[in-house]
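2 protein chains.
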Amino acid sequence: MINTSALKQVEYFKGLSPKEIGQVLAIAGVKSYKAGEMVFAKQDLGDNFFIVKSGHIKIFTTVGPEKRKTFAFLKKGDFFGEMSLLGGKVRSASAQTVEDSELFVISKKNFKRLILENPDFTLKLLHTLVERLNKCNQEVESMLFHNILGRLAAAILDLSKEKHTKPVKMAINQSELAQYLGTTRVPVCRAINTLKRSGVIDYRRGELIILDQVRLKSIAGNAS
Amino acid sequence: MINTSALKQVEYFKGLSPKEIGQVLAIAGVKSYKAGEMVFAKQDLGDNFFIVKSGHIKIFTTVGPEKRKTFAFLKKGDFFGEMSLLGGKVRSASAQTVEDSELFVISKKNFKRLILENPDFTLKLLHTLVERLNKCNQEVESMLFHNILGRLAAAILDLSKEKHTKPVKMAINQSELAQYLGTTRVPVCRAINTLKRSGVIDYRRGELIILDQVRLKSIAGNAS
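Chains as they are written, first to last, in this note's numbering: chain A, 32 to 255; chain B, 32 to 255.
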């Protein structure tokens, strides 16, 4: 069951008026997913738009059976699934839950109605697409002009953006970091050790601690 | 001077009604640029949105004095400059004319008004951003999972998309191809020779001819 207060908790709706939240409320369903469940797979026909109500979603692509590249981790208030509703009909990437999650589900028809009738919703959508495009362009730049160390530093900064502990700590294993960079564990493991030895980060038992944010940013260079 | 018929020739406006074209007309200026002139540079404060009226624009980024990556070539009807109006305030890339060009110039304030008041304009903007994001994600995937040969094949297909000659011919020199891939001339020159030797393309005096589109697509693989 959806109610207005649940929607108000969602960051995505914070800029919207109660009336506008009501509009979304009227057209969204809620669906629950177990940890590790696929929301959709690359190349699926895309008919729905999703907003994360609770939990954690990974957006990724696979090439062949073993190569995987994580594009983003999404949390409460983030949205996804707009790409195939606004462009090609099939999903350009896969979406999978990282933990038990609940999603607001909005049909293609209602999504288009929201865009046409609700300029605040549309502005939010535009801002997010521009932010994602910016991030993607920076990643291309970073891959071309930086080595794995710079890219790892940029990825750590990116993933830690919303952690508010001091020093910044986060739980992430080496395979996840490797997938975030679209590479394998060995070079990532080497780069982690370099950052550890130079006192920029600490890393043990799957927990990464940023010890020197300034130097991490400098290593990330333009890539951050 | 702008008139409605000039705007109607612009692909971008083809989906808009005469009334809507009039709305754009009322708020756009026109500016002329010589070949090679900078429209804006990366890190400039961004205050305007541009639509290509005539000519040819290159969008690119530079890292250090020598490294350059071309993101796109834009032609009549394409737009650019929306990124810094919808996100960070500074330009995320540079824009330069390839030949003498004319641009419709729309101020930030009028651009926001267009979005809020003209849903067709906004839908077009959303579609284009999704298309660019898709292309960027594919490029990241391609860089991670394909070698220079596959990436070159994908770039040739991308650049030739709107050529209607049979066989497809295009004028492009090796430096431009290298910048499009964000790499240097030597590996691109080697890859061109590989494609030539296998009869997939011909290339001489700055003119590239696609001889075997099917095999070119197969070499591009997922990267196209």
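Careful, some of the hints might be misleading.
Just so you know, same-sequence chains aren't split out, so a pair can sit in one copy or run between any two.
What the hints assert, rightly or not - Simulated crosslink set (DSS-like; lysine-lysine; CA at most 25 Å straight-line):
{"hint": "1", "residue 1": "Lys73", "residue 2": "Lys227"}
{"hint": "2", "residue 1": "Lys197", "residue 2": "Lys120"}
{"hint": "3", "residue 1": "Lys73", "residue 2": "Lys197"}
{"hint": "4", "residue 1": "Lys50", "residue 2": "Lys143"}
{"hint": "5", "residue 1": "Lys248", "residue 2": "Lys73"}
{"hint": "6", "residue 1": "Lys65", "residue 2": "Lys166"}
{"hint": "7", "residue 1": "Lys248", "residue 2": "Lys98"}
{"hint": "8", "residue 1": "Lys50", "residue 2": "Lys192"}
{"hint": "9", "residue 1": "Lys194", "residue 2": "Lys140"}
{"hint": "10", "residue 1": "Lys120", "residue 2": "Lys192"}
Honestly, the hints are just simulated from the structure, not real lab data. Here the structure is a predicted model, which is why all the values come from computation and not from measurement.
Hint check:
Taking CA atoms no more than 25 Å apart as the test, Lys73 paired with Lys227 passes in neither setting, with 36 Å inside one copy and 34 Å between copies. Taking the shortest alpha-carbon separations for Lys197 and Lys120, neither the intra-copy value of 44 Å nor the inter-copy value of 29 Å comes in at or below 25 Å. Taking CA atoms no more than 25 Å apart as the test, Lys73 paired with Lys197 passes in neither setting, with 38 Å inside one copy and 33 Å between copies. For the identical chains of this complex, Lys50 and Lys143 are neighbours both inside a copy (18 Å) and across copies (22 Å), given an alpha-carbon limit of 25 Å.
Taking the closest pair of Cα atoms, Lys248 and Lys73 come within 25 Å of each other only across two copies (20 Å); inside a single copy the shortest separation is 33 Å, beyond that limit. Neither within a single protomer nor between protomers do Lys65 and Lys166 lie at most 25 Å apart by alpha-carbon distance, with minima of 29 Å and 31 Å respectively. Taking CA atoms no more than 25 Å apart as the test, Lys248 paired with Lys98 passes between copies only; the shortest distance there is 21 Å, against 28 Å inside one copy. Taking the shortest Cα distances, Lys50 and Lys192 never come within 25 Å of each other, neither inside one copy (32 Å) nor across copies (45 Å).
Taking the closest pair of Cα atoms, Lys194 and Lys140 never come within 25 Å of each other, the shortest separation being 36 Å inside a single copy and 35 Å across copies. Only between protomers do Lys120 and Lys192 lie at most 25 Å apart by alpha-carbon distance; the minimum there is 20 Å, versus 32 Å within a single protomer.
Checked against the numbered hints listed earlier, the structure breaks hints 1, 2, 3, 6, 8 and 9; every other hint is satisfied.
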